[in-house]
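Peer 1: The lines below spell out each chain.
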Amino acid sequence: MDPQSSPAAHARAPVYAVVGNPNSGKSTLFNALTGLKQKVGNYPGVTVEKKVGTAYSQHGQPLTVIDLPGTYSLAARSPDEAVTRDVLLGRRSETPMPDRILCIVDASNLERSLYLVHQILDLCRPVILVLNMMDLAARSGLNVRAARLEKELGIPVIPCEAVNGKGVIEVKLAMSRAELPLPRHAWNVPQAIASAVSELQASLADNDAKLPLSARAEALLLLTDRDSIQVSGSTPLSPQTAAILTGWQRRWEREGTDWSSILVQARYDAIGKLTTQVVLRTPTGPSASDRIDAVVTHPVWGWIVLGGVMALMFLSIFTLAEYPMNWIDARVAGLGNWVRHSFPEGALRDLTTDGAIAGVGSVLVFLPQILILFFFIGLLENTGYMARAAFIMDRLMSRVGLNGRSFIPLLSSYACAIPGIMATRTIEDEKDRLTTILVAPLMSCSARLPVYLMMIAALVPGDRVPLLTKVGLMLLMYGLGTVGAFTFAWFFKKTLLKGKPPVMIMELPPYRLPGLKDVGLHMLERAVVFVRNAGTVILAISIVLWFLAAFPRAPEGAPAGQQLADSFAGRAGRVLEPALKPIGFDWRIGIGLISSFAAREVFVSSTAIVFNASHSGKGADAEAAPLRTALRDARWPDGRALFTPLVCLVLMIYYVFAMQCMGTVAVVKRETNSWRWPAFQIAYMTGTAWVLSLIVYQSGRALGF
Amino acid sequence: MSSPVQTVLALTIVALAAGALVWRAIRSRRHPGGGCSGCPTDTFKERLRK
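Top line first, the protein sequences correspond to chains A and B. Residue numbering for the first sequence is 1 to 705, as defined by the numbering used here. Residue numbering for the second sequence is 1001 to 1050, as defined by the numbering used here.
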């Protein structure tokens, strides 16, 4: 049955599925069509989750658009590719079977992109083909003749530059057409397997309730891969179809026929013939992208460039953020002092100044640095450099047994481990996926940034910390997390999760000028999340922590610091102190460690509350002390300084390795469907954090630091 | 404002904050992924709802 003519298709808004190879510009086109902005990355595999939006036809009729995960073939190998295949074949109950398919291809790489198109045309459904990146194709000396392709395939073919908005109106016009022609798609299934295709097609239609038109496509898919169970996916084959398939496979094996390769080769032959007719090539020398790649993917220069980019990023974080940070700091301190002087003494005033303002303010100060971090991440993704970084990192990753597909989850984890762990769905091998999930939280996420920055500020005596020291320490922390992740991945792959060595196929997209709108949007999004988090979770934790640090009340006239020591928080911290003392932490730091299990940046607000409480004491004349001063004045009972440079360094190392994030634990539980793995992750990460802290602290002490 | 009134008000706010945290913890068991400063999941979900 033609989906166009089904009554259901007319009753509701037509459903379009956007399909294409990873990095073909699907997300950009989807944004342009629906106005629903997503994160637009520039490395393969950015789309993991299903995304739905509404576009409007030229007559104002709503059109539902589903953005499907990128795939190179319908013979899915990973969970996200399986989603694409299953949605297109109408196998997913929660998603309507698309009425029409918007297939987007990279015109500068047409031959490779047409493999997926070829499989989609087999589905015998209305397809619009969008030739994206026509500008890049032209620059590479390729003249892609859209009209000729349209004539050959019998479907609308639209040249487009989605990133500049060129051709988007034409795509919308094509989508607005009441009727779309079905593809004229004739290709010769090789003689050796043609009979098997016919038999399977008939059985799929009769015994598996497949639509007659898609039964042929499903039969071809079953013969594309040796692992037919994987291809048939969530819907098992009927016994009759399975018997036919096994019968043919046995026969071919006896005859020594490589049926899978024959089919793939036949497709490529048909595609090769088509591209010769459609693409005219003008010989050109190496492109600018090629020349840049010769340096940035070089085994030696590549690492130097990567190190330089990272150093530049941290340098900007420290230098550019200084003025806005001081401004926020002064406003927060001013607000605290104003409340302190304007309101009568009492618990409510203390809660406002020492709890809410001190807690939220201490975290908000880091907003400019977080924004600069995300500006750089957005810029690197948008220009195409991230894929190069992935390429050079892959050499290292494959040595430790990590799959090339682990790079994107690990890279996302620099922002936050939660989307990173969710992105592991693109990894087909279960053991590789689990290894990546286990090590992803070791990459230094943006929530650690405030902790590192606070410790770096407290670490070096004097008001001016040398810039190079700051940058060097930041690089050290990020490097330590990355090396830790790779070391543990290697260890897990050798012991717990042994598996086959991975194969890496990676596409390097051409360099592009960054879309500043996308980068700005990316930053704005993170700013909103950060500020909302500070105004909700961190505010609530700060208020509760203030209560725990201020009650039960110490008797009148008790010395400053006595209140905190006898409080609920003080008692809880002291329970931990025996475990913390060997690594140089006291019970007050223990309070910060406990509370920051909610989110790592809470450590900063807790420290502000706990140390300002023990530092400034109470009274109408007390001023909000800068946190750095309070930390430097903090002492052990015997008068030794608490935050020595060694302790600050140990604290940073502890935060690099410790599993201090409830959100990540919840996501790992969901993704692994068991409490066993998150429990193991907490144990190994926090255990490592403690052992490394112990080694560094005790060695440092022995060396006289 | 007298000191006892301030104490009552402060403790009420603390109770509300603690309640909000508990509620959020229960909610995040159903929808893990929210809350971290770097995580875009929440914003995307909200946009999709709109």
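In short, the hints are calculated from the structure, not lab data. We treat Cβ as the ideally placed atom computed from N, Cα and C, and that holds for glycine. Don't take each hint at face value.
What the hints assert, rightly or not - Among chain A residues calculated to face chain B with C-beta under 7 Å, some are:
1. Y56
2. G256
3. A311
4. M313
5. L315
6. L351
7. A540
8. I543
Claimed, not checked - What follows is a list of derived Cβ distance ranges for each label pair:
9. B:T1012 / A:H341: 19 to 29 Å
10. B:T1012 / A:R395: 38 to 48 Å
11. A:A579 / B:T1012: 31 to 41 Å
12. A:D329 / B:P1004: 51 to 61 Å
13. B:P1004 / A:G334: 48 to 58 Å
14. B:I1026 / A:F568: 20 to 30 Å
15. A:A641 / B:I1026: 36 to 46 Å
16. A:P236 / B:T1012: 52 to 62 Å
Peer 1: Against each hint, give a clear statement of whether it holds in the structure.
Peer 2: Consistency of the hints with the structure:
1. Y56: Since chain B brings no Cβ nearer than about 16 Å to A:Y56, farther than 7 Å, the hint is violated.
2. G256: violated (51 Å)
3. A311: At about 21 Å, which exceeds the 7 Å cut-off, the nearest Cβ of chain B leaves the hint on A:A311 violated.
4. M313: violated (15 Å)
5. L315: Violated, because the Cβ-Cβ distance from A:L315 to chain B comes to roughly 21 Å (cut-off 7 Å).
6. L351: Check passed: Cβ of A:L351 comes within 4 Å of chain B, closer than 7 Å.
7. A540: OK, holds: A:A540 within 7 Å of chain B, min 4 Å.
8. I543: holds (4 Å)
9. B:T1012 / A:H341: 19 to 29 Å: holds (24 Å)
10. B:T1012 / A:R395: 38 to 48 Å: violated (59 Å)
11. A:A579 / B:T1012: 31 to 41 Å: 35 Å Cβ-Cβ, so the 31 to 41 Å window holds.
12. A:D329 / B:P1004: 51 to 61 Å: violated (34 Å)
13. B:P1004 / A:G334: 48 to 58 Å: At roughly 29 Å between Cβ atoms, A:G334 and B:P1004 fall outside 48 to 58 Å, so the hint is violated.
14. B:I1026 / A:F568: 20 to 30 Å: holds (23 Å)
15. A:A641 / B:I1026: 36 to 46 Å: For A:A641 and B:I1026 the Cβ distance comes to about 42 Å; the hint holds.
16. A:P236 / B:T1012: 52 to 62 Å: At 58 Å between Cβs, range holds.
The structure is inconsistent with the numbered hints 1, 2, 3, 4, 5, 10, 12, 13, although it conforms to all the rest.
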